[in-house]
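Here are the chains, one letter per residue:
2 protein chains.
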Amino acid sequence: MLIVQKYGGTSVGDLDKIQNVADKVSKTKNANNSVVVVVSAMSGETNKLISYAHHFSKNPQKREFDLLVSSGERVTASLLAIALGQMGHKTVALTGRQAGIYTDDVHTSARINKIDRTKIESHLSENKIVIVAGFQGITSSGDISTLGRGGSDLTAVAIAGAIEANLCEIYTDVDGIYTTDPRIEPKARKIEKISYEEMLELASLGAKVLQNRSVELAKKLNINLVTRNSFNNNEGTLITKEDNIMEKPLVSGIALDKDQARVTLRGVKDEPGIAAKIFTTLSDKNINVDMIIQNIGHDGTTNLGFTVVQKDISKTKKIIKKLHPSEVMEFDDKIVKVSVVGVGMKSHSGVASQAFSALSNKKINIQMISTSEIKISMVISQKWGEKAVKALHKAYKLDK
Amino acid sequence: MLIVQKYGGTSVGDLDKIQNVADKVSKTKNANNSVVVVVSAMSGETNKLISYAHHFSKNPQKREFDLLVSSGERVTASLLAIALGQMGHKTVALTGRQAGIYTDDVHTSARINKIDRTKIESHLSENKIVIVAGFQGITSSGDISTLGRGGSDLTAVAIAGAIEANLCEIYTDVDGIYTTDPRIEPKARKIEKISYEEMLELASLGAKVLQNRSVELAKKLNINLVTRNSFNNNEGTLITKEDNIMEKPLVSGIALDKDQARVTLRGVKDEPGIAAKIFTTLSDKNINVDMIIQNIGHDGTTNLGFTVVQKDISKTKKIIKKLHPSEVMEFDDKIVKVSVVGVGMKSHSGVASQAFSALSNKKINIQMISTSEIKISMVISQKWGEKAVKALHKAYKLDK
Chain A
137 MLIVQKYGGT SVGDLDKIQN VADKVSKTKN ANNSVVVVVS AMSGETNKLI
187 SYAHHFSKNP QKREFDLLVS SGERVTASLL AIALGQMGHK TVALTGRQAG
237 IYTDDVHTSA RINKIDRTKI ESHLSENKIV IVAGFQGITS SGDISTLGRG
287 GSDLTAVAIA GAIEANLCEI YTDVDGIYTT DPRIEPKARK IEKISYEEML
337 ELASLGAKVL QNRSVELAKK LNINLVTRNS FNNNEGTLIT KEDNIMEKPL
387 VSGIALDKDQ ARVTLRGVKD EPGIAAKIFT TLSDKNINVD MIIQNIGHDG
437 TTNLGFTVVQ KDISKTKKII KKLHPSEVME FDDKIVKVSV VGVGMKSHSG
487 VASQAFSALS NKKINIQMIS TSEIKISMVI SQKWGEKAVK ALHKAYKLDK
Chain B
137 MLIVQKYGGT SVGDLDKIQN VADKVSKTKN ANNSVVVVVS AMSGETNKLI
187 SYAHHFSKNP QKREFDLLVS SGERVTASLL AIALGQMGHK TVALTGRQAG
237 IYTDDVHTSA RINKIDRTKI ESHLSENKIV IVAGFQGITS SGDISTLGRG
287 GSDLTAVAIA GAIEANLCEI YTDVDGIYTT DPRIEPKARK IEKISYEEML
337 ELASLGAKVL QNRSVELAKK LNINLVTRNS FNNNEGTLIT KEDNIMEKPL
387 VSGIALDKDQ ARVTLRGVKD EPGIAAKIFT TLSDKNINVD MIIQNIGHDG
437 TTNLGFTVVQ KDISKTKKII KKLHPSEVME FDDKIVKVSV VGVGMKSHSG
487 VASQAFSALS NKKINIQMIS TSEIKISMVI SQKWGEKAVK ALHKAYKLDK
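Those protein sequences? They're chains A and B, same order as listed. Following the working numbering, the numbering of the first sequence begins with 137 at its first residue and continues without gaps. Following the working numbering, the numbering of the second sequence begins with 137 at its first residue and continues without gaps.
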């Protein structure tokens with residue numbers, strides 16, 4: 137098999153952990169696989185460099201900032217190559233440039249434009265383990281760019297796509313994706329397989345493991361992604377396309393998003409353009425709106441509800457009060473969003489009502505509801521958040 | 137003026153020191169100069185990376201080792217660019233590759249083959265302060281190479297040559313080159329100007345400041361080198377060609393080399409090829425021989441003396457005993473070499489006899505003597521080393 141493995145910052149956090157990674161890579165290679173390894177910087181290193189830059193300037197030049205923060209991954213890549221070399225493997229450590237990763241010139245959050253697969257493939261054909269410094273590429277003018285948060289995952293997925301790898305394994309310090317946050321519900325189980333779409337909807341469950349940007353790219357490139365723990369040999373979670381999942385679960389997981397605040401506008405004049413005006417203004421001010429719900433009211437008015445992330449609520453309040461779309465405006469940051477996600481919903485009815493009953497049985501009042509094909513999201517009072525997660529986890533028998 | 141400045145590891149040892157360097161560079165730029173700055177890694181960083189590599193392997197792959205140890209200079213270059221940017225300067229930080237520094241492919245001790253001056257010059261023409269990561273270049277196959285010990289000095293001198301700079305300033309944490317080691321003779325004075333040739337002969341005095349490799353390159357390229365202290369504004373020492381030094385001093389400095397051991401072979405058969413055999417064998421075993429003296433003996437035999445560095449003396453002893461060139465062989469590692477250096481010697485007689493008298497007056501016995509056009513070297517007992525330096529320093533009135 138042709139396998140791309142990516143090891144995150146905690147997995148290469150010190151020299152002993154790098155040796156542990158070398159052992160894992162060695163085993164994979166010895167099992168008759170071709171292996172490309174993408175590494176992050178040793179945990180803490182990149183943050184240290186960022187703090188150095190900010191010692192000198194609040195707004196460091198982005199080109200120079202990229203040159204600075206790209207160095208941690210090069211260190212890890214070299215060290216891993218040296219460790220594997222000592223174990224008798226043929227290896228080569230490559231920078232983003234040497235791996236043929238070409239990006240646009242948006243420094244600090246560049247997008248990968250192209251990967252020249254011939255560079256990695258020529259090393260693989262010489263039976264080498266190819267080790268690539270993650271998170272970085274080069275711009276058309278030959279400058280070093282970085283890919284932003286989760287950049288090393290993105291490097292791994294993009295390389296897997298370019299060389300048509302059979303598998304892309306993302307190693308972190310957790311076992312995989314769980315049916316819900318195990319800190320809330322100790323009965324949470326690790327999910328064996330999940331579709332890209334579900335993973336995207338369950339972002340908050342996987343946030344520590346995998347960023348949406350990487351899942352989206354894996355989906356686009358049709359890469360089988362596995363998230364695993366570098367500190368044990370447990371099977372991880374396979375993220376793949378829906379067709380590859382034989383037994384489609386009704387519900388795959390329950391996500392709790394504590395970082396939401398609710399805005400409700402009652403009696404908004406029901407005339408064209410009013411919603412557009414509100415959301416365009418918010419968007420212009422860089423405020424991301426998550427759920428949006430509109431209901432018909434009475435007397436030619438409508439009720440409009442939406443959520444924003446908590447840190448934006450006071451800014452949102454100011455903007456909305458200025459626009460003054462209605463007399464009754466509520467701003468509530470003491471809420472959470474709980475979501476039920478599962479591809480099985482598409483073909484099953486009654487999934488939503490099961491959720492509502494589960495919460496109602498616990499006397500939890502639902503303030504807002506929004507549904508998509510594979511997700512039901514409910515806004516409830518902050519104080520009921522964990523209780524709701526447990527109730528839903530049990531209702532859908534996710535602990536079984 | 138077009139000035140290249142190089143700041144060593146201690147000069148950029150922490151963030152405050154990098155700001156100090158930024159202030160110095162800023163002043164130079166504001167005084168209407170074009171400035172290229174070459175930086176080392178923050179002191180300790182490169183050694184840390186080397187120790188990491190040796191944690192995994194005694195003989196790390198050299199290509200990967202270079203990728204690893206070249207990262208410290210990139211960090212410093214980026215940070216200095218950010219600091220200068222914050223001060224309102226236009227700057228650009230360049231890697232060895234981006235600065236157009238092409239080397240051979242001898243990883244860990246590469247030689248600079250060529251500098252593509254157009255890269256640095258195009259940035260200078262845009263009024264930017266150009267900051268270059270020292271110690272590194274790229275090979276013809278696009279791999280990162282490093283230049284070995286003193287590599288950043290070499291980068292600075294080579295760039296100064298390529299862009300035809302008026303001056304190349306090497307900043308460290310000492311004021312310049314002294315007439316002798318101030319720890320031995322507190323009356324030692326800083327030398328204002330010194331020729332390349334003298335500097336090369338005084339290597340041990342300048343070792344902390346400047347390596348011979350850089351002086352040799354400066355001589356070849358005819359670069360005016362100045363060594364200065366980054367922590368004060370004192371004038372440094374100008375190292376230049378002899379023609380630029382109007383008043384040629386009889387003696388410029390006194391050097392003491394404590395790292396020598398003496399081998400004396402008495403009654404060696406005086407036949408062709410015997411010296412060649414001895415020194416070829418030593419060279420094959422990577423033993424560097426410094427002074428070599430041969431005197432006519434009697435009865436068709438000769439006396440042969442030479443010095444090696446102390447760590448090689450037991451190895452040398454074994455080799456020589458095996459060759460057995462004579463019956464009487466002495467091996468003494470309790471010696472030092474004291475040298476008197478000055479371009480004025482060329483045209484003045486009596487300089488050597490002055491040295492012998494000075495030592496004789498102090499009852500210091502001279503074991504070996506070797507002279508060149510601008511140097512007199514004497515091997516004496518270890519215990520007289522510092523006394524001899526003081527006596528010679530006084531004899532040539534270097535404290536005046």
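To be clear, the hints were calculated from the coordinates, so they are not data collected in a lab. Computed from a predicted model, the values in this text were never measured in an experiment. Worth double-checking, as some hints may not be accurate.
No copy is singled out in the list; a pair is fine if it fits within one copy or between any two copies.
To be verified - The calculated DSSO-like cross-link candidates involving lysine-lysine, where the alpha carbons are at most 30 Å apart (straight line), are:
1. 377 - 454
2. 499 - 153
3. 163 - 194
4. 160 - 226
Now the hints, each set against the structure:
Neither within a single protomer nor between protomers do residue 377 and residue 454 lie at most 30 Å apart by alpha-carbon distance, with minima of 43 Å and 72 Å respectively. In this assembly of identical chains, the alpha carbons of residue 499 and residue 153 never lie at most 30 Å apart, being 48 Å within a copy and 63 Å across copies at closest. In the homo-oligomer, the alpha carbons of residue 163 and residue 194 lie at most 30 Å apart only across protomers (23 Å), although the nearest pairing inside one protomer, at 45 Å, exceeds that limit. In this homomeric assembly, residue 160 and residue 226 come within 30 Å of each other (Cα to Cα) only inside a single copy, at 15 Å, whereas the closest approach across copies is 46 Å.
Checked against the numbered hints above, the structure violates hints 1 and 2; every other hint is satisfied.
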